[in-house]
Structure formats: C-alpha cells, structure tokens
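A.B. asks: Here's the letter readout for the chains.
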Amino acid sequence: MKLDAKTPLGPLPQKWGRHCAGIRLVNPANRRKYEVLVVGTGLAGASAAASLAEMGYGVKAFCYQDSARRAHSIAAQGGINAAKNYPNDGDSVWRLFHDTLKGGDFRAREANVYRLAQLSNAIIDQSVAQGVPFAREYGGGLANRSFGGAQVSRTFYARGQTGQQLLLGAYQALARQVGLGAAKLFTRTEMLDLVVVDGRARGVVVRDMVTGEITAHTGDAVVLATGGYGNVYDLSTNARGCNASAIWRAHRKGAFFANPCYTQIHPTCIPVSGEGQSKLTLMSESLRNDGRVWVPKRVEDCGKSPATIPEDDRDYFLERKYPSYGNLAPRDISSRAAKEVCDQGRGVGPGGRGVYLDFADAIERLGHKEVEGRYGNLFDIYHEITSEDAYLAPMRIYPAVHYTMGGLWVDYNLMSNLPGLFVAGEANFSDHGANRLGASALMQGLADGYFILPLTVGDYIAGLTSPRLGIDHAECKKSVDEAVHRVRGWIEAKGKRTVASFHRELGKKMWEYCGMARERGGLKKLAGEIPVLHEEFRKNTCLTGHANGINAMLEQAMRVDDFFELAQLICADALDRDESCGGHFRVEHQTPDGEAKRDDARFAHVSAWEHRAGGAPVLHKEPLVYEETVMSGRNYK
Amino acid sequence: MNIKLRVWRQEKPNAKGRFVVYDFPDADPNMSFLEMMDALNNRLVLQGEEPVAFDHDCREGICGACSAVIGGKPHGPGKRITTCQAYVRAFREGDVITVEPFRARAFPVLKDLVVDRSALDRIVQAGGFVSVSTGSAPEANAIPVAKEVSDKAFDAAACIGCGACVATCKNASATLFVAAKISHLGWLPQGQAERSRRALNMVEQMGKEGFGSCSNTLACEAVCPKGISATNIARMNRDFAFALVSRAGQ
Ligand SMILES: Cc1cc2nc3c(=O)[nH]c(=O)nc-3n(C[C@H](O)[C@H](O)[C@H](O)COP(=O)(O)OP(=O)(O)OC[C@H]3O[C@@H](n4cnc5c(N)ncnc54)[C@H](O)[C@@H]3O)c2cc1C
Ligand code: FES
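So the sequence lines, in the order shown, correspond to chains A and B.
Under this note's numbering, think of the first position of the first sequence as 1, with each following residue one higher.
Under this note's numbering, think of the first position of the second sequence as 1, with each following residue one higher.
Everything labelled a hint here was simulated from the structure, so no lab data went into it.
Here the structure is a predicted model, which is why all the values come from computation and not from measurement.
By construction, the Cβ of each residue, glycine as well, lies at the ideal position given by its N, Cα and C atoms.
Keep in mind that a hint or two might mislead.
What the hints assert, rightly or not - Pairwise CB distance ranges, derived in the manner of DEER restraints:
1. B:210 <-> A:305: 55 to 63 Å
2. A:139 <-> B:244: 35 to 43 Å
3. A:139 <-> B:210: 44 to 52 Å
Given only the sequences and the hints, what does the whole structure look like? Please build it.
C.D. replies: Next up, the structure:
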C-alpha cells in the first residue's frame, strides 16, 4: 500500500495557504447536524474541541481525569516557540522551521514542519487574547527567552508553568462552549476501542470510570488527542495515567503506527531512588546554564562525599567531550554521555545511576542570592523530593524518558490512513522527526487543535455521503461486547503478582535494551523476552474489586496490557531502523567521536506499521522527500 | 519508620463509610506519601482486598488531581504543597495518620478518598473565560500589559483547582477558587469586557452548586498549595457588587 501524505504542491511558504483555499466547507447552518468525537482534552484536544464547537459542529470531548483541566499538558514548564521575532534577533518562519527540522535530525516531513512554523505566531495571539499571562517586559510587551537547539530568543513562557497557563486558556475556551451547550464533556471516561465500519472511523467505545458502564458513542469524525506513550517505560516524566491505549486500540483496528521507536530522553531529571518510586521529576534544562556536570575520575571515589573529591579527581565529562557547547550540549547527546560514564562504573548515588550537577562555581561567581533568584524554585523542588540541599552539595541527576515523537501516522490533514480518524498532539507522529526541540510540543498541539483540525475535519465532513452510525449498529454492539468481555477477563485475574510489578519489569527491560543506546543483540533479546513476560502478565496478575465501579488497578491492567503489545512494536521498529538518528541511537552506527550517524540512503523514510492479527506487523515506508532543504549533518559542536 | 494509616473507606456514594487502620512497620522515609499508598494498595490486592481509591495523576503538584485530608489538613502538614508532594519523612516514628477525602456538600464522595469536584468545572463554564473564538485574536503585542499587572494576573492564575480551599472552609465555600479566576481575568485588559457578567455568573453558579458563603476566616489561603492570596476575594466582592448594582440599574 502506498501511503499518500497529501502534501500540497507549490513552494513551501504557499502550500498551507493554497491547501486552505481548496478545502471544502460545510454550510454553517448544517454544521450542528454533525458530531465530532474528541478524545483527550490536553492542549491538542481542548483547542480542537473548543474551535470546532465555536464553528458550530456538535462536539463530544472525553478525558480520563476528573476534569479536562488536568490533562498532562498542565505539567509543561519551559515554554512555547513562535517566530514573532520580537527581540529582532533575526528570527523568521524559515528559521524556526529549519531549526525544528534539523532538531528532528531530518526525519520529519518538510511541509508539515513549515506549516507548524507558519502557524506559531497565531497561537501566541490567540492565547494572549484568552488571558494567558505570559511573561512581559517592563514596557508591556511580551518577553522571550532562548532554548536548546536555537540561536535566537523565540520562546514565550509563563514562569515555570507555561503548559498550565496555555491549557487553562484552551480549557476555558472549551468550558465556554460547554456552558453554551455546544460541546459535551465526558470526564472520568476512558476510551477502550475505536469503532470502524467499512474502513472508516465511526465511533468510540468508552468506559465510565465511576460506574463501570461501557458504551459506544458514534460521530461523523473521531479525533484522538490522547498524548504520548512514554509510560511504556514505566518510570518517566509523564503523569501516571498517561497511556497508549486509545492510539493502540486504533492501531489494532487498522491505523498505522509511525516511528514508534523515536523516544526522547531528557538529561536532567531526579534519579531513581527506590523500588516504590512512581515518577521521575524533570528538572528544567535551564539549570545547565550555570551548573557543571561531573563524576569522579576513579570508580573507587564514587562512594565518597563529593566535597572531599579534589578538582583534579573530577571528570567534567561534557566540558571535556564537547568543549564548545560544554554543559549545554543537546539533550540526546548529554543523556548518552551521562549513561556512558555510569556504565563505566563512575555514576554516583544509589545504584550508581546519577551524575553531579554542581553549582559551587556558580555560587562563588554569582553569589548565593543570585543563584537563588535564578533557580530557587528548582532547588526547592529538589529539596522536597530528595531532602538534600543543592546549595551545599551538588544535585544528582540522571536522564529519564520524557516524550515520544512516534505516534499514529497521519497525512497533511492530520488524518490517519483510516478515513474519519484524525490524530493530534503528541499522539501523532507528525512534526518532530527523531528528536523534539524544547518548547515545540506545546506549539504543535495548539497548531493542530486551533488551526489545522477545524479546517481539515470540516473538509472531510463536507465529503461525507453516509449518515452517522446509530449506536445500535452491529459493529458498535460487537465492539462494546468485546470491551465488556475484556474487562471481565481482567477482573477475574487471580494470579500472584501485582500489575505494578509487571509494569516495572517491562519498563526496566525497555530502558535497558531500548533506551538511550540500542544495539542489535540487546534488541533481539528484548524482542524475545517481552512476549514471555506478557504471557506471564496475562496469567499471573492479581486484581480485586469490581468492574462496575472505580477500580484504578483494573484501568492500569488494561493500559499495561496495551503497553506490552506496543513495546514489541517499538522493539521491532528499533531493530529495523539500522541507523542512528536523533533519540534513536544504534550503537553500531556512530561517528568516531560517538555521535549519531544517519543513513539517508537507506532510512530517509517514515516507518509506518500495520497491525496484523496473530502475525508480524507489516512495514510501509513513506519516503521523506525534501523539496527546499537538504538533509545535512546535525552538528552542534 | 513505623507508621499507621487510618484511612476512610467508603464503598460508593451515599454508602456508610468507616476508618480502617493499616500498619506500616517499615515505611521508607524517602517515599512520597502517595507511593506509600501505592505500596498499601499492592499489599491489599495480594491479600485479596480492595485497594484504596484516590485521585492522582501528575505527581508533581500541578494537575490538581490529588486530594486528601491528611492529619486533619488538606494536602497534609507541609506548607504550599499538594498531597502528591508530601513525603513520609514529614511524619514521625509511631504516628497514626488519618487520611480522609476532601469533604464538602458540593463534593460528594464517590469512593474512599475520591470525590466529585465537577462543580468547580461548572462554575468556570458559567463565566470563567474570555469570549474570544479561535481566529479572532489581535496581534499579541497590540495590547501592552504592564509587567506588574501581568505578574498579579499570573499569581491568581496559578490556581490548580484542587479544591483544598473548599475542604478546609467551615462553610465549604469555593470563594478563593472563584476569586482567583475573576481576579486573573479581571487584572488583564483582555478580561474587561465581560468583567461584570463573569463575576455575576460565577458567583451565582457557586451558590447553585451548594457551596457555602465566605466568612473571612482565611483558612483557605493557609492551605492553598499555590499560595493564592485572599486579597483576590476583595477584588471578587467588588466586581460582584458592581455587577449587582449595574444590573439593578438596568
Ligand atoms: C514534565 C514535562 C514538561 C514539559 N515541558 C514542555 C515545554 O516546556 N514545552 C513544550 O513544548 N513541551 C513540553 N513538554 C511536552 C508537552 O507537555 C506534551 O507533549 C504536550 O503537552 C502533550 O499534549 P497533548 O494535548 O498531545 O496530550 P496531553 O496533554 O497528554 O493530553 C492527553 C489527553 O488525553 C486524555 N486521554 C489519554 N488517554 C485516554 C484514553 N484512553 N481515554 C480517554 N482519554 C484519554 C487525557 O485525559 C488527556 O485529556 C513537557 C512534558 C513533560 C512531561
Ligand atoms: S497528582 Fe497532580 S497535583 Fe498531585
């Protein structure tokens, strides 16, 4: 099957405009006859649901939390990019586009990334109009700061809570539509399956997480904006409830999964400290502006108090390996360097999985007060979690899974290969290639939701010829029955282990063999072990409680079940992609100085996987054809 | 550490609840409070019992999902933290810690520690927004906002909607929550056009949802994990009074 990205013709700057001009429209009076199901109320879902409802479409929005405002987007800290060029430092749509494309190691679609950069400015306008309190200069204009992978200041931010404020803007816009009766909200509602009839997405099957009731909702189009799947690794910077189930179930129903192995691992997180740990907290990248990263030169020094280790016995490995970028080397490179020294036995802290991030020099140079002014809140968070004082002793940090660039395959309209199924935000694969630059996920989610889907969903609806499915349609009933059956199967599980213990074991294996560095032998071993563990999970898990009420372990069991299947696909994709690019580092493919080595001749394509029940997944390749840029080396030295 | 948890167990809405005591003879002081709850739940499941239901998600103090009254105080004894940011080391050897849901008439208990806070969403739906449809926004820098003003708006906007203010208030009032939103949008030029309507609609909806009224004890401010100031309440009252007067004059 040939994958058609439906990229419009013409020069890059004109593609989106021309496409919009050709899009089919639905008469305003007719729009309320149509219903769009939006699963997810994060930045992508809330902005899409609000905008579609404003246009007059009937909208039903779903989320698993008790309120739409709690979607994981709320946790984003650093900021959102836009090509406003307010600082007059030479930024432009082209530059933002090119930085993002290069940041993704030239594994994203050129036309999509260009459109993202074009739409970035309108996102800032929209958010400001909603009352998002971005940081401002004394003159009253908006302030900017710089972020990794760019030489201009183009990041807009709201203290350390940019995601929260942007999400509240979108949430309030959606709330307004709910208040007006134009949108309906289903909270504490989890999607368990997609209803597909004649190859088209026609509805979803959901479980009411309070009553346990399982029902179908049908719509004229379905939007999945259900976030990323980093929790396949168990421990990550994601919220505990983040899951792959919605997109995975859609995948099982025919939607292609693109580049599942592209995972971003963030270098500065608080390390794992104990078995019961539930989450890895991100420490802002900004700390690396003044902190120096080091480990002891000698293995035998690792147990000593850092203060007793003299300067000469310390290895400032980032400064040593990347003299020009030093402690500010890009995320993927810094993460791998930290792993390398820990693999050599020179890691610090429990289990030897940590490196120091030391502010002693900064405190001496700038004074305690200035350091506190810059990073005080981060030092507080660190103290809260570790009970250690980073003013007195260096922080300990370690890389952690943070973001997943892969997701369901979509075309230029953000529609999957299943007509009627649209995918937005972190759940799709579209714009970040093999590595995402900081402050670009918020931009993408909102570009998708505010500006792309409202047009492309309309275009699809305008071409519909068959009426909406009734919820008593045989396929709805069948999907509901299957979900009911599945839930029942789990609730009766009376094995000897907890869901959490299996999730932890899966996560550890994934982290070990398919984390920061991947190698054929390890991946093969992993590919062999996951199905065995999955089998045991299905046979030996213990659950209690009821299906018809709140039951967090039941929810988790079904999510972990899906993670097991997804893990196998990630592994297959990582094996197949026999090159290094961005966050996907195959040990076999590196330059003499240890950098990722791409193989454009063989791998300049999107890998889109098709599910085959009972058999191996089938790979479809979408070639990445660049019309106006060249795939250059990604050198930050 | 040796700790006992005295936890509220309630099967479903309207069912009779009770406290059950669980022993933790070797709690790890470096665990978060919710990780201890996770451990408890894993133990309960293996013993064939039902786990304790509680809300949580981000586990870093920003989503507002976690909600428990710990030792008599919403979110526990710590200052300016949420339940998920509480650590076992904040307690003492031998402590018996009582863990209850956020109680309020407008927050019915769904199960154990889980309550229904959708009333807060309905208050926002009644007016907690700026009516600006997608695509109709002016250029972002067209309207300058003084840094001091924007900072004040941010301070109020930092509310995470957890409902601790309601849980601690003897009148179970949501005034601090409502005031924070009215104040956030009220500070900004973008929020002026709807300022009166917003105050009127949100305050009236708060009453309809069964929240009590404010008697200025400031207990809310003391437990707010984000340090939302009670001065916002005065701003809300002013906007509301103004709105009432102008409605009467119409
Ligand atoms: C700690 C942290 C900091 C970050 N900082 C930044 C930053 O500074 N800048 C930046 O650009 N990016 C940042 N990111 C990345 C960015 O926050 C996310 O990629 C982005 O917010 C994802 O938005 P989304 O709308 O796609 O999904 P989410 O916000 O994750 O929303 C998913 C929605 O789907 C719903 N859902 C999920 N599964 C189901 C299901 N099965 N059934 C029903 N509903 C479901 C959820 O309830 C939720 O409403 C950060 C990420 C993390 C983890
Ligand atoms: S779990 Fe999100 S604030 Fe506590």
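A.B. asks: State the violated hints by number, sorted upward, taking the hints as numbered earlier in the document.
C.D. replies: none
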